[in-house]
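Trainee: Each chain is listed here by its residues.
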Amino acid sequence: MQSFFDYLSADHHRCDELFAEAEAAVGRRDWAVGTVKFQAFRAAMLRHLDMEESVLFPAFEARMGHAGGPTRVMCNEHAQMRELLGSMADSVSAADDEDYAGLAETLLWLMQQHNVKEEQILYPMSDQLLADARSELIGRMAAVPAV
Amino acid sequence: MQAAGGLDFRQAPPFFVPLRFFLTAPVFLFLAGLLLFTPGAASWQRWSPAILAAVHLVTLGFLAMVMMGAFLQLLAVVAGAPVARPRLLAGLVYGPLTLGTLSLAGGFWLSDRWLFYPALTLLAAALATFALAAAASLRGAARNATVFAMAAAIFALAVTLALGLALGATRAGWLELANFVALVDLHATWGLLGWVFVLVAGVAYQVVPMFQLTPAYPRRLTRYLVPLFMVGLLDLPWAQEARSAWPGDAVALFLAACLLVFALATLYLQHRRRRRVADVTLDYWRVGMACLVGAALLGPSGAQRFPALLGILFLYGFAVSVVSGMLYKILPFLAWFHLQSHTQAPAGTIPNMKSFLPEVRARRQFAVHVATLGLLLLSTLPGGPWRYAAAAGVCLSALRLTANLWGVWRLFRAQGGRSG
Numbered sequence: 001m002q003s004f005f006d007y008l009s010a011d012h013h014r015c016d017e018l019f020a021e022a023e024a025a026v027g028r029r030d031w032a033v034g035t036v037k038f039q040a041f042r043a044a045m046l047r048h049l050d051m052e053e054s055v056l057f058p059a060f061e062a063r064m065g066h067a068g069g070p071t072r073v074m075c076n077e078h079a080q081m082r083e084l085l086g087s088m089a090d091s092v093s094a095a096d097d098e099d100y101a102g103l104a105e106t107l108l109w110l111m112q113q114h115n116v117k118e119e120q121i122l123y124p125m126s127d128q129l130l131a132d133a134r135s136e137l138i139g140r141m142a143a144v145p146a147v
Numbered sequence: 001m002q003a004a005g006g007l008d009f010r011q012a013p014p015f016f017v018p019l020r021f022f023l024t025a026p027v028f029l030f031l032a033g034l035l036l037f038t039p040g041a042a043s044w045q046r047w048s049p050a051i052l053a054a055v056h057l058v059t060l061g062f063l064a065m066v067m068m069g070a071f072l073q074l075l076a077v078v079a080g081a082p083v084a085r086p087r088l089l090a091g092l093v094y095g096p097l098t099l100g101t102l103s104l105a106g107g108f109w110l111s112d113r114w115l116f117y118p119a120l121t122l123l124a125a126a127l128a129t130f131a132l133a134a135a136a137s138l139r140g141a142a143r144n145a146t147v148f149a150m151a152a153a154i155f156a157l158a159v160t161l162a163l164g165l166a167l168g169a170t171r172a173g174w175l176e177l178a179n180f181v182a183l184v185d186l187h188a189t190w191g192l193l194g195w196v197f198v199l200v201a202g203v204a205y206q207v208v209p210m211f212q213l214t215p216a217y218p219r220r221l222t223r224y225l226v227p228l229f230m231v232g233l234l235d236l237p238w239a240q241e242a243r244s245a246w247p248g249d250a251v252a253l254f255l256a257a258c259l260l261v262f263a264l265a266t267l268y269l270q271h272r273r274r275r276r277v278a279d280v281t282l283d284y285w286r287v288g289m290a291c292l293v294g295a296a297l298l299g300p301s302g303a304q305r306f307p308a309l310l311g312i313l314f315l316y317g318f319a320v321s322v323v324s325g326m327l328y329k330i331l332p333f334l335a336w337f338h339l340q341s342h343t344q345a346p347a348g349t350i351p352n353m354k355s356f357l358p359e360v361r362a363r364r365q366f367a368v369h370v371a372t373l374g375l376l377l378l379s380t381l382p383g384g385p386w387r388y389a390a391a392a393g394v395c396l397s398a399l400r401l402t403a404n405l406w407g408v409w410r411l412f413r414a415q416g417g418r419s420g
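These protein sequence lines are chains H and D, in that order. The first sequence maps to residues 1 to 147 in the working numbering. The second sequence maps to residues 1 to 420 in the working numbering.
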């Protein structure tokens with residue numbers, strides 16, 4: 001049976017891939033491709049954040065017996081990512097590759113240190129805590145609609 | 001943000017904790033450059049007072065200073081085990097490390113035995129406190145190859161410190177040591193290979209794939225490289241004690257092979273990176289890995305015949321390069337992160353990492369660094385005017401690095417970030 005770790009880490013990697021494609025296209029100032037790639041990246045990111053916030057985190061909190069703690073820190077960082085993605089969308093519309101490069105670098109660092117915390121601690125912990133509900137929860141995450 | 005169920009997800013520690021270390025370190029690099037102008041540094045004699053002083057300014061003042069600041073950050077993010085009282089710990093470590101390094105360099109340079117009193121006391125206090133606090137935190141850490149390497153590096157730091165204290169006491173005339181030269185070699189080996197290399201390798205397992213989007217290091221490499229390397233380090237003195245030369249040589253060759261494997265694996269992964277934009281930190285890593293390959297191929301036989309060349313390749317070419325490259329990411333990211341939490345402004349509206357440290361400024365400093373590395377290597381050839389140019393290069397590169405890092409801090413303050 002697939003674990004949260006496998007399922008969500010694979011999604012992190014998919015987002016990384018799309019990030020790199022968008023960054024490369026914008027770096028070349030190829031705005032036609034860059035816009036499409038950025039939109040694909042942003043959609044994948046927003047969907048990933050939604051899957052965690054609407055399915056995994058509530059189940060995790062219910063099992064822990066309280067909100068706050070690890071999931072709240074994760075949600076704060078999600079909010080920062082959404083804001084950066086919003087500013088990146090503005091720089092794509094304005095065809096400002098320099099602004100995009102700085103925002104993308106910042107988002108990458110935020111995202112990667114965030115992913116380490118999830119992959120090293122939160123996902124393995126969820127795999128233990130929610131072992132009995134795993135396939136049902138992963139099924140619900142897979143059904144989260146694209147943004 | 002509070003602990004929950006034994007987990008502490010705070011983005012520890014406060015900005016001021018690592019910041020002090022990062023802003024002070026490049027100044028020591030500048031001081032080391034100044035010493036290279038002095039006549040005592042003329043022929044790169046390993047035992048000359050100026051060279052001993054310069055080497056310790058680089059290893060303690062620059063490398064250990066940055067690595068310890070970064071270590072506190074890593075404990076929180078990678079190990080999930082932040083130190084309990086980061087402000088207190090940083091306070092106990094930073095002052096004694098700074099003053100102890102200055103006294104030690106002064107003691108070496110002026111050949112003044114009285115300066116060794118404050119030097120040894122302060123450095124013992126700083127490094128032992130740090131090692132104990134880090135070891136205590138690591139006991140509650142997640143288990144992975146990076147955490148293992150961090151623990152091994154802390155152990156190596158403790159061995160390096162103990163040997164250094166005994167050697168310093170001998171130099172100050174309080175202790176008589178047989179095998180003085182062999183112990184100096186052992187001190188340098190544990191410091192450079194055990195503390196510097198092992199920590200860089202452990203950190204690389206995380207940061208190389210994460211920020212260049214490369215494939216992960218092969219599992220077998222991350223699982224076995226550092227543990228086997230540590231066994232080799234522990235064996236080294238016994239192997240060298242043996243009557244015939246070969247066991248010692250075999251262990252030294254094995255250690256060199258480990259450096260080579262790590263450097264080549266890193267270069268290969270970076271070659272296969274998915275992120276394709278120009279990046280000064282990536283270039284710093286590649287220069288660092290190329291120099292590590294050079295050092296691995298030159299040593300162990302080169303340690304006797306070309307100590308200056310080996311020292312420059314390892315210290316300036318490998319360690320200073322990698323650490324400078326990492327500073328160019330860690331400091332702007334932390335500035336951004338803490339500024340956002342201090343001001344609570346929307347994340348996309350405050351200066352981003354590249355506004356904190358413009359790529360073009362980092363790129364110029366990198367160019368000076370690489371030119372300096374070339375001059376340093378040339379200066380090991382007998383004769384020639386290269387030494388003064390190399391010394392000037394080290395100073396200029398350090399000044400530009402200082403200006404770039406302090407610029408991050410200035411913008412952070414100007415934007416309403418708090419220092420506390």
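Among the clues, some could well be false.
[Stated by the list, open to error] Stretches of chain D that chain H covers, calculated by requiring three or more beta carbons in the stretch to come under 8 Å of a beta carbon on chain H:
hint, region
1, 77 to 84
2, 206 to 215
3, 329 to 336
4, 347 to 353
5, 366 to 374
I should point out that these hints are in silico values taken from the structure, not numbers from a laboratory. Think of the CB as a built atom: it goes at the ideal place given N, C-alpha and C, for glycine as much as any other residue.
Trainee: Does each hint fit the structure? Answer for all of them.
Mentor: Hints versus structure:
1. Counting residues of the region 77 to 84 of chain D whose CB lies closer than 8 Å to any CB of chain H gives 3, which reaches the minimum of 3, so the coverage claim holds.
2. Requiring three or more residues with a Cβ within less than 8 Å of a Cβ of chain H, the coverage given for the region 206 to 215 of chain D holds, as 4 such residues are present.
3. Judged by the Cβ-Cβ criterion of 8 Å, the region 329 to 336 of chain D is covered by chain H as claimed, because 3 of its residues qualify and three suffice.
4. Here's how the region 347 to 353 of chain D fares: 5 of its residues keep a CB closer than 8 Å to some CB of chain H, so the rule of at least three is met and the hint holds.
5. Proximity of the region 366 to 374 of chain D to chain H, defined as three or more residues with a beta carbon under 8 Å from a beta carbon of that chain, is not established by the 0 residues found.
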